[in-house]
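Asks: For reference, the chains in residue letters:
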Amino acid sequence: MENEIRPPRRYKRSKLPKLVRWIFGLIVLSYFFWRLYTVFIVQNEYTPDIWVRLLISGLVIGGVYSLIAIGYTLVYGILRMINFAHGEVMMIGTFAGYFVFEATNAIRFTSSTGEITSLSNAQPFLSILLAFIVGMTVAATFGFLLEKIAYRPLRKAPRLIPLISAIGASIFLQNLAQLLFSPLVRDYKNPDLIARGQGWAITVAGARLTIPYTGVLTFSLSIILMFALYTMVRKSKLGKSMRAVAADKSTAALMGIDVNGVISQTFIISGMLAGAAGVMWGLHNGLVYYYVGFMPGIKAFTSAVLGGIGNIPGAMLGGMLLGLIESIGPTALGISYQLKDVLAFVILIIILIFRPSGILGEVLSEEKV
Amino acid sequence: MKNFKGLIVVIVAVLLLSACAPAAVNTPAPAEVVPETDKVPAECAADRYGCAKIEPGQTIKIGMGSPMTGGDASFGIDAEQSGKIAVADAEPLHGFSFELVAEDDQGAAEGGAAVANKFVADQTLVGVAGHLFSGATAAAMPIYEAKGIPMLSPSATNPTLTQKGSAVFNRVPFTDAAQGKAAATFIYEELGFRKIAVMHDGEDYGKGLAEIVKVEFEALGGEVVEFVGITSKEADYTPVLTTIAAKSPELIYFGGYTQDAGVLANQMKTTGLENAVFFGCDGTFGTDFLNRAGANGEGSYHATPRTPPQTPEKTAFDEAYKAAYGVGPGELSPFTWNSYDCTTALIEKVGDVAVLGADGALYIPRGALVDAVRGLNNWTGISGTYTCAPVGDCNIQGPQFHIVKNGAFVPVN
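Sequences listed follow chains A and B, in order.
In this text, residue positions in the first sequence follow my numbering: the first is 9, and each later residue adds one.
In this text, residue positions in the second sequence follow my numbering: the first is 65, and each later residue adds one.
Just chain A, same shape as in the assembly (with noise of 0.2 Å):
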């Protein structure tokens, strides 16, 4: 049915299991806080300029996550789905930004100081800039075909079957991207300027530390980006056609608004976020294969899930929680730095016990009902 959108709905639960939850959440709370303790006041053997490397490298990964969750969030609101696609359409974004940067690196031309340069090391923000524009392109491309594909077709079905539809989506785009660029880990041709390895050099408490270039970039551009998004969301026409379709499927419809191209344009624009994601991703870490998408957007989908699934300021904020969680987690708990992922779900089951529907996810709900 058409207006199958509800309020979020309110299960009634008996005392006893919730009763459980929280002590379960309080007893992990308890051990979190005595960690911290351990390693804060007990060992205290990590100087100030540590956390605040830490604090970098999570801003940077955060920055990152928040892009591709907005992509979830959107979908979310919209169509009620979660579009495990999502990762994939970053994958393709990062493989977009790859071959650009591989095309300006291999134009060649001899400089007017007689030195042979590549077109990427001659005009470095010119190729960024054509590197972002054209990952974010053929991403929403990906976006805007995925749901013309996979998912307009299966509109009025039950809610599991795009959920399968996206599963299978997800798995024929690695697979199609295997074939087409073969299972070879490739890395990001950086621009000189913005070369993987160097940064801006600071002093911090008495110790010198860098802040890479690419993650100042990669940090930056997402906020610019979130800003652009959120503004957009909040003025533009589209915006308010985007929430109006999200309030009331019908409805908006019959206020005459075209439901379909709305939606195509929530992917589009999921799309380009994502596209972005990837070129950052690309130029900050350096590696492109056909799987890169697919941690990336379990760990976007676990933000937008933690920030309130739905709310677009909940991606933002989910995303830069993550990215903090683990990279300041487990040093600041003294646990293997492999148990971050563990971390990062503990916490996620943590916030779920204490507020159901994410950190802001009450706003959403309220601006439903």
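It is possible that some hints are incorrect.
[To be verified] Derived lysine to aspartate or glutamate pairs resembling DMTMM-like cross-links, with alpha carbons at most 25 Å apart:
#	chain 1	residue 1	chain 2	residue 2
1	B	Lys182	B	Asp168
2	B	Lys211	B	Asp435
3	B	Lys311	A	Asp349
4	B	Lys259	A	Asp57
[Stated by the list, open to error] With beta-carbon atoms standing in for the labels, derived distance ranges:
#	chain 1	residue 1	chain 2	residue 2	range
5	B	Thr451	A	Leu187	36 to 46 Å
6	A	Met240	B	Asn181	56 to 66 Å
7	B	Val279	A	Thr55	23 to 33 Å
8	B	Gly363	A	Ile357	41 to 51 Å
9	A	Leu168	B	Gly363	50 to 60 Å
10	A	Pro166	B	Gly471	40 to 50 Å
11	A	Ile343	B	Val279	45 to 55 Å
No lab work stands behind these hints, which were simulated from the structure alone.
Note that this is a predicted model, so its numbers are computed, not measured.
C-beta: ideal position from N, C-alpha, C; glycine also.
Following the hints, complete the assembly by docking chain B onto the known chain A.
Replies: Chain B only, in chain A's frame:
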């Protein structure tokens, strides 16, 4: 809506059919050799496993079990491509040509056993250049053992594999134990470092190797300030490197592969480890590392088998590989050359033991082939010279270490 459901059914059916297609059914397996036939050579009756009989028109099959789908697909695809060149280079034997049968074992135990069972059902399959991953190899070993199919693995390095008393299993890489001990000794004695951090990529190979290095280095009297794993190909390791930097190690040992090694070498420069030395293993060696790390890889150490210098055969192979597949050897996995050698060595040993029967069929005594492969002695391929120890370890020389200087690998020991 109904049409749509029909469409889905059709799509699913097509997908299922196409999924089945590559697993082409082999030609009906010839019957086991019947001893009373006069035409059967005497070697077969004497052999403990009997003979594989290749009828005229059939090919002599060499199997290969490797991960060809999933996250490690590049290893399997690389091995298959390399093996195909080896088969193409092989001279036909009494008019019988060789064929490589590569199957996907997903690098896992279940897959290894499934592929092995498929291979032993094929009477014309005489040897296996694999499996690639240690887990799959361990599961496949007893199945080949029962049938008398010799294995020559290009890359299964888990030390326990050759401690199981298998007659059929052999391998050309040096073991992780040998490499770990050599690396720890080299770091302690040649480089003179006393305070190191040991990292691994969390996978069987890297973790096993890293543990050996840690134990050996501590046994020598050195200090391992941090022993930590990362998640392979996750690509952001700055938090863990930052935490390690707080303990100021002089060197970072890493057990894993080039893709992560390149990222680590890059990120070490922005996480306070600018002055620590990066020390990799045979998994991190390759031009791939140089491309990924660029200037940030200068001064890092890596290991390889003791290779002969760039021989004409190796150059010819490199060119053939690049021409056929568009990527250079060693880019998809570090085991390209080993895979070629394993396939070639098996083909050569088949040639040594095969007997042309009076009926025109080719008879390959399986037991004799098992012994012949184990008996590899001073056999030179493109990746090294191999002599198999009685347990099946065919590389007894240990690793060669290289340092990166001006964008090239320079041997140091």
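Asks: Work down the list of hints and note, for each, if the structure agrees.
Replies: These are the hints, each one checked on the structure:
no., hint, verdict
1, B:Lys182 with B:Asp168, "11 Å, holds"
2, B:Lys211 with B:Asp435, "14 Å, holds"
3, B:Lys311 with A:Asp349, "24 Å, holds"
4, B:Lys259 with A:Asp57, "22 Å, holds"
5, B:Thr451 with A:Leu187: 36 to 46 Å, "41 Å, holds"
6, A:Met240 with B:Asn181: 56 to 66 Å, "58 Å, holds"
7, B:Val279 with A:Thr55: 23 to 33 Å, "30 Å, holds"
8, B:Gly363 with A:Ile357: 41 to 51 Å, "44 Å, holds"
9, A:Leu168 with B:Gly363: 50 to 60 Å, "55 Å, holds"
10, A:Pro166 with B:Gly471: 40 to 50 Å, "58 Å, violated"
11, A:Ile343 with B:Val279: 45 to 55 Å, "23 Å, violated"
In this structure, the earlier hints numbered 10, 11 are contradicted, and the remaining ones agree with it.
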